[in-house]
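2 protein chains.
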Amino acid sequence: MALVISGLSMSLDGYITGPDVTREHQLGVGGDILHRWLWEPFPEDTAVLDGMVASAGAILMGRRSYDLAEGDGGWGDGGPAGQLPCFVLTHNPPAPETVRAPAVFTFVSEGIEAAVKAAKDAAGDGVVGVHGASAAQQCLAAGLLDEIQIHLVPVLLQSGTPLFENLGDRQYQLERTDVVPSGNATHLRFKVHY
Amino acid sequence: MALVISGLSMSLDGYITGPDVTREHQLGVGGDILHRWLWEPFPEDTAVLDGMVASAGAILMGRRSYDLAEGDGGWGDGGPAGQLPCFVLTHNPPAPETVRAPAVFTFVSEGIEAAVKAAKDAAGDGVVGVHGASAAQQCLAAGLLDEIQIHLVPVLLQSGTPLFENLGDRQYQLERTDVVPSGNATHLRFKVHY
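Quick mapping for you: the protein sequence lines, in order, are chains A and B.
Under this note's numbering, the first residue of the first sequence is numbered -5, with each subsequent residue one higher.
Under this note's numbering, the first residue of the second sequence is numbered -5, with each subsequent residue one higher.
Rather than coming from a laboratory, the hints here were simulated on the basis of the structure.
From the three backbone atoms N, C-alpha and C, an ideal C-beta is built for every residue, glycine too.
Careful: at least some of the hints might be erroneous.
[As the list claims (entries may be wrong)] Not everything, but these chain A residues come out facing chain B in the computed CB check (under 7 Å):
#1 148
#2 151
#3 168
So that you can see chain A by itself, here it is in the shape it has in the complex (with noise of 0.2 Å):
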């Protein structure tokens, strides 16, 4: 069965942006920092995206992800990791005829756990990749998140987006079961035990 794996660049006081994002700027004010590993690569950083690429079998996403993808600059004519099956998690599909890849993308309205039963059967034994915080934080606190991928990043952003928000009531108990140091971040993985 597919594990279910969220990936995600952090700030070491916990965003995933700085303040002030924009469509330009997707990253907030500095917060391009965050994605350093993947623009300025240590071997350490290449090789761990190269696992992440390798085992994914599908992406789940939120609505605001597929937004940015659509956008100038975006993916949205084909998935982030080829032409791997996309679901997106809305209230409100777009139009079809605006969606320029209807292969890839798959909208799903029926709530968190139908998505993830989606991506699951299309990603077959491979991982389905969780893309964006509200995405990852909804499977979190459905109980459906099976691991989380921190890319912890040496900067005090001190605003923009929390990762670890929307999470109800509750805390979570995590395993550390992988490090990889870079000079651009801390890959770090931990299991969820609900």
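Let chain A serve as the given structure and place chain B on it in line with the hints.
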């Protein structure tokens, strides 16, 4: 010149205690796990702690940490690492007759610069260990903190005492200089670039 280094145990979502801290439960609800690396150490945890103790020349702390130390079961009759000189940052020093170890504790009311200077002078070639979140925040905001040690614990506490607040209106660039994984925590060390 002595380096000024804070050491704090933090949940993956940025808390140094859980909610509902009391004198009896100083780590709050669910927060005991943050100090498990001290109470039930793996060999890697012991090595990290031994390194901190061996390098320490003086301690800098806030009034709240001092009050907790003076409480039942506290170490107010001596320094946290034997008889190291401890400098307590406070606008309201306790009555001298209430101080159990007057040779150990010095109370500094002239602000963070004065407290750091006094601790550095006392530390000689040793490290000034900054104890508690408030003192660490004040040192960082004043540009006086050389390094941050974070003992990153695999748990999402979701509320409690956040570590990275009260840091002023700026971002901080860090450089990760060490990673020591254990079964309890990921011990991370960062240099601060102002």
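Hint check:
At its closest, the beta carbon of residue 148/A sits 4 Å from a beta carbon of chain B; the interface hint therefore holds under the 7 Å criterion. Among the interface hints, the one on residue 151/A holds; its C-beta lies about 5 Å from the nearest C-beta in chain B, closer than the 7 Å criterion. A cut of 7 Å between beta carbons decides the hint on residue 168/A: the least distance to chain B is about 4 Å, and the hint holds.
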